[in-house]
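Q: In case you want the letters, here they are:
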Amino acid sequence: MSLIIQHLIDAVSAGGIYALAALGIGVIFGIMGLLNFAHGNFIMVGAYFIFLMSGRPMWIVAATTVVVVILLAISTDRFVFRPLRGAEAATLLIASFAVAFLLENIILVIFGGRPKTVDFGHGLVESVAIGSVRISQLDIFTIAMTVVLLIGLTLFLRKTRYGLEMRAAASDFRMARLLGIRANRVVATAFAVSGVLAAAVSIMLVARTGGVSHGMGLMPLLFGFLATLMSMGNLPGATLGGFILGFASVGFQIVLPHDLVPYRDAFLFALVVIIYALFPSGLMSGLRRQGGERV
Amino acid sequence: MLDVRELFVDYGPLHAVRGVTIHVSAGEIVCLVGPNGAGKSTTMLALAGVLPLASGSVELEGTSLSGLSPEEIVRRGLSLVLEGRHIFSDLTVRENLSLAAGVRGDSKAFGRDLEHVCKVFPFLEERRNQKGGTLSGGEQQQLAIARALLTSPRLLVMDEPALGLAPVIVQQLYEVLLNLRGEGLTMLIVEQSMERAVQVADRLYVMGSGRIVLSGRSEEIAASDLKKAYFGVKSELGDVQ
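Chains as they are written, first to last, in our numbering: chain V, 59 to 353; chain B, 597 to 837.
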């Protein structure tokens, strides 16, 4: 029983990271129709900033990382995507590739290609015993941060003017603009939210792995894309997609024969293909449509 | 109030609107009629800043709207209700309405206008917490108009507001629009039904193949000329195709 609970905690923990990565990609995709390939590099830059700040109190490092990644995300919009407003989706996609390559190469020039170890979150390595189950503080930290961010994002989207404008723009950007909602402000807000979520993933990954490398943004980017595409930009769907990937990832790790474990991600991608086939309009929209017709 | 002069709008190499000139005076209802593909909706989208002008000018009360973004144009007093209503289906009725508040600096004035539109369309208050996507087609159209009214427009532009609605709902809708005209609201309406356009409009413009082919006061245009322009255009379109 305790083993099952341990696996469930691992799944929620991994799913939380994927869900936050998916939400960071999904807020931009929902509004601009852009799969931002630079999102993984936002995560990587956040991680290297944590490396630079290592040794300082954890909360100061975390807070300044969030600020730095928000500024990076907003600057990317201001100087790369805003001049391309109204351009074809392919143009935006190529621009996001360019930003991703630029950021990665800047990091390579400054820090080199070798992974670095980071003194961050070492206080979280201990485990706490709850009955017969031992839970690592890292898992508790990851799950708590995920829950706080999901609740915070929900409150932001539901209770604030900016959130309302973002939801409207994600639903029908042209109509939102015809009601006077300023496109640049909505997109900049979306990039800021995306930056917060990328920074959160940076913090979690560095705390869990104790290191940084120039390729560390790739896996969260890939899983975030998969969850975003499963939801077609629908944010609750992206969250659900992230947790499905987290649970499937841990599940395959457990159930696959030892020889097939190295191919776990191939099984995950096959699962994603099946979900696409079952819900071609996106996870939550598919569930909603099956739940009941509109009047 | 609205002066559109020699408006050209292109889709790539295709000239969708070719030299359209429209004038709307304060307090008027002006209808733009014509068959499918005549360029009516393209003209509306260009007026609202959604599509760029290839050439020509658009002025509202003497202020040029040319080259402005949709969000700037709505702040200058031209509000467009798109064909197909475009309600935010996952937002509640109240949220749909409150989106228009961003255009207004004065929250008290917005509150007064909100009360007024809820009197004009009483179901809005009753269903304020209902998702927009769960409303009937007629209710969605009324919500779309109410939402546009809350931007405090000096000119309300509507693209086929009757499209897809039951005749009895259309009749009720136009009664509301005529009442709003009585309150001083100026309207430019795209309408496919010639009969309805003649009934409600002070003046008419007939479009075909991207051009204005007939215009004048509703009571002065002979029915035969109107039909000839409308259907003549249709045959001309057939030739083009």
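Please note that a few of the clues may not be correct.
[Claimed, not checked] Derived DSS-like pairs (lysine-lysine); straight-line CA-CA distance at most 30 Å: (1) B:K715 x B:K704; (2) B:K824 x V:K217; (3) V:K217 x B:K823; (4) B:K727 x B:K704; (5) B:K727 x V:K217; (6) B:K727 x B:K715.
[As the list claims (entries may be wrong)] Here's a subset of chain B near chain V, in silico, CB distances under 7 Å, partners left out: (7) L664; (8) P666; (9) E667; (10) A696; (11) V699; (12) T747; (13) R750; (14) L774; (15) G778.
[Stated by the list, open to error] Covered stretches of chain V (in silico footprint by chain B; criterion: 3 or more residues with CB under 8 Å from a CB of chain B, positions within the stretch not fixed): (16) 196 to 202; (17) 226 to 232; (18) 236 to 247.
None of these hints come from the bench; they were simulated from the model. Using N, Cα and C, we set each Cβ at its ideal position, and we do this for glycine too.
Q: Each of the hints needs a verdict: does it hold here or not?
A: We went through each hint and held it up to the structure:
1. For the given pair, K715 (chain B) sits about 17 Å from K704 (chain B) by alpha-carbon distance, which is consistent with the 30 Å threshold.
2. At most 30 Å may separate the alpha-carbon atoms for a hinted pair to count; K824 (chain B) and K217 (chain V) exceed this at roughly 55 Å.
3. This hinted pair does not check out: K217 (chain V) and K823 (chain B) have alpha carbons roughly 53 Å apart, beyond 30 Å.
4. A distance of roughly 25 Å separates the Cα atoms of K727 (chain B) and K704 (chain B); the hinted pair therefore holds under the 30 Å criterion.
5. Distance hint between K727 (chain B) and K217 (chain V) is fulfilled; the C-alpha atoms sit about 16 Å from each other, no more than 30 Å.
6. For the hint pairing K727 (chain B) with K715 (chain B), the CA-to-CA distance comes to about 20 Å; that is within 30 Å, so the pair holds.
7. Hint status for L664 (chain B): violated, given a least beta-carbon distance of 11 Å to chain V, over 7 Å.
8. Residue-level restraint check for P666 (chain B) holds (minimum Cβ-Cβ distance to chain V is 4 Å; threshold 7 Å).
9. With a least beta-carbon distance of about 5 Å to chain V, the hint placing E667 (chain B) at the interface is held under the 7 Å criterion.
10. Contact between A696 (chain B) and chain V, as hinted, is supported at the beta carbon level, the nearest pair being about 5 Å apart and thus within 7 Å.
11. For V699 (chain B), the suggested interface contact is upheld, since its CB lies about 4 Å from the closest CB of chain V, less than 7 Å.
12. Because the smallest distance between the Cβ of T747 (chain B) and any Cβ of chain V comes to about 6 Å, under 7 Å, the interface hint for this residue holds.
13. Hint status for R750 (chain B): violated, given a least beta-carbon distance of 14 Å to chain V, over 7 Å.
14. Because the beta carbon of L774 (chain B) sits about 24 Å from the nearest beta carbon in chain V, more than 7 Å, this interface hint is broken.
15. A distance limit of 7 Å between C-beta atoms decides the matter here; for G778 (chain B) the minimum to chain V is near 25 Å, and the interface restraint is violated.
16. Counting residues of the stretch 196 to 202 of chain V whose CB lies closer than 8 Å to any CB of chain B gives 0, so the stated coverage by that chain is violated, three being the minimum.
17. Only residues whose beta carbon comes within less than 8 Å of a beta carbon in chain B count, and the stretch 226 to 232 of chain V has 4; three or more means the coverage holds.
18. Restraint check on the stretch 236 to 247 of chain V versus chain B: 6 residues with Cβ-Cβ distances below 8 Å, three needed, restraint holds.
Checked against the numbered hints given earlier, this structure breaks hints 2, 3, 7, 13, 14, 15 and 16; the rest are met.
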